[in-house]
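The listed protein sequences correspond, in order, to chains U and B.
End of the first sequence sits at 233 in numbering that gives the first Met the number 0; the numbers just go up one at a time, nothing left out.
End of the second sequence sits at 217 in numbering that gives the first Met the number 0; the numbers just go up one at a time, nothing left out.
Treat the hints with caution; some may be incorrect.
Stated by the list, open to error - Under the rule of at most 20 Å between Cα atoms (straight-line distance), these lysine to any residue pairs were calculated in the SDA-like manner:
no. : chain 1 : residue 1 : chain 2 : residue 2
1   : B       : Lys123    : U       : Glu67
2   : B       : Lys123    : U       : Ile99
3   : U       : Lys140    : B       : Gln94
4   : U       : Lys140    : B       : Met90
5   : B       : Lys116    : U       : Glu127
6   : B       : Lys123    : U       : Met89
7   : B       : Lys123    : U       : Gln216
8   : B       : Lys123    : U       : Lys159
9   : U       : Lys72     : B       : Val122
10  : B       : Lys116    : U       : Glu81
11  : B       : Lys136    : U       : Glu97
12  : U       : Lys222    : B       : Glu58
13  : B       : Lys123    : U       : Lys7
14  : U       : Lys140    : B       : Ser180
15  : U       : Lys159    : B       : Asp64
16  : B       : Lys116    : U       : Gly59
17  : B       : Lys116    : U       : Arg87
18  : U       : Lys159    : B       : Asp62
19  : B       : Lys116    : U       : Leu130
20  : B       : Lys123    : U       : Glu81
21  : U       : Lys7      : U       : Phe137
22  : B       : Lys4      : B       : Pro36
23  : U       : Lys72     : U       : Gly59
24  : B       : Lys116    : U       : Glu97
25  : U       : Lys140    : B       : Gln109
26  : B       : Lys123    : U       : Lys140
27  : B       : Lys123    : U       : Gln88
28  : U       : Lys222    : B       : Gly69
29  : B       : Lys116    : U       : Asp83
30  : B       : Lys116    : U       : Gly80
Just so you know, these hints were derived from the structure itself, not from any lab.
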Amino acid sequence: MAINKVVKSAEEALEGIANDMTVMFGGFGLCGIPENAIAAIRKKGTKNLTCVSNNAGVDGFGLGVLLESRQVKKMISSYVGENDEFERQMLSGELEVELIPQGTLAERCRAAGAGIPAFFTPAGYGTEVALGKEVRWFNDKPHILEHAFDAAFAFVKADKGDTAGNLIFNATARNFNHVMAMAGKITVAEVEELVPVGELDPNEIHTPGIFIQRIFQGEKFEKRIEQRTVRSRN
Amino acid sequence: MALDKNGIAQRIAQELRDGYYVNLGIGIPTLVANYIPSGIDVEFQSENGMLGMGPFPFEGEEDADLINAGKQTITAMPGAAYFDSSMSFAMIRGQHVDLTVLGAMEVSDQGDIANWKIPGMMVKGMGGAMDLVASAKNIIVAMMHTNKKGESKLLRQCTLPLTGVQCVTRVVSNLAVFDLSPKGFKLVERAPGVSVDEIKAATEGRLIIEGEIPEMKL
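With the rest of the complex left out, here is chain U (with noise of 0.2 Å):
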């Protein structure tokens, strides 16, 4: 038999999580993130949270939330550009920022997973992400040293997944889902079809259940577009 991994709510999907603790949020902008685990976040209280998440959310959605409730002492992410509350807090020092490069991101989230301590990757070298680290030369190229994180929980998002935690992504809905996935040692996603294990095709899985501990249908997904671009029919 398949091991069986579902949670009834978000609420029992946090269990054990805890004031001060890292914690992944998958997500690109406000697309495929985890919106029922972050507004049962909310309501536990949880404090004091580090947050790996591409992106900050916007003011009223995504990890805008818990900045508003200041449950966040520290955001890593490689772009937070569109949320006010997140910049005023930022500018008063209520709230930490370590930005660091989109594939150094990524790539910190999988080596987590794939038990690669640490990596040299060319990405800002000479510049002031580079401070600090281990340089070495290879194929006559510079490299900096950087790390794997070290999250206690990740929350992903993913459009279909079974009773046994595997999961399909839906168009650019994949982004960081996967790698936070890996990543996590606990991993709770969220999906928006919860079907029982033989109907999705093994060929079709895009992260396979052994990353993930607990998996949910989402209540409800609201789906908000950051950038709603169109173009006319003429």
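Use these hints to put chain B onto chain U, whose structure you have.
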């Protein structure tokens, strides 16, 4: 006459070759997609996780799950592929992307680029820019030649925090096209009607001018 932003994009589009995979940054670079020469096939990579990016959707067909790196709603072309962020940057750092076009606040005459941070102003982050410039073989900078105060953005040394060092291969500004060489900005083409003297006057970094400099053909 100096080019406008669309003119810069149009000139950069002439660098596209059949079969290229291309990553376009936000701003002027995005406009390059409007000027793909006829008879060639290129695919656009979006670092949030897709190849084969298409135009904006028709109204009513927007999909919250389908966006570009600027978080705009987009569409997928036939043959598109989606992937996760680590695979996306494997393509980028692994030199599988043939051409990267990005904007800049400053470029130095050794090919350094600064485009992510202005001290004293709200810092939004580097996004994927540092990964993009760290390994790509072919990096074209699209930018206005001078800033709003009229000061040169092509400098001897960058004054702003760097995004990458010795990485830019070509600059296309509203005044001219330059190739980066160890001795400075080598003038390749002039914008229509712009004189070599005007280019000299607007450029702080070292310039290399050899022989007659042709006008761009747009």
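>> Flag every earlier hint the structure violates by its number, smallest first.
In response: 7, 8, 11, 13, 16, 21 and 26
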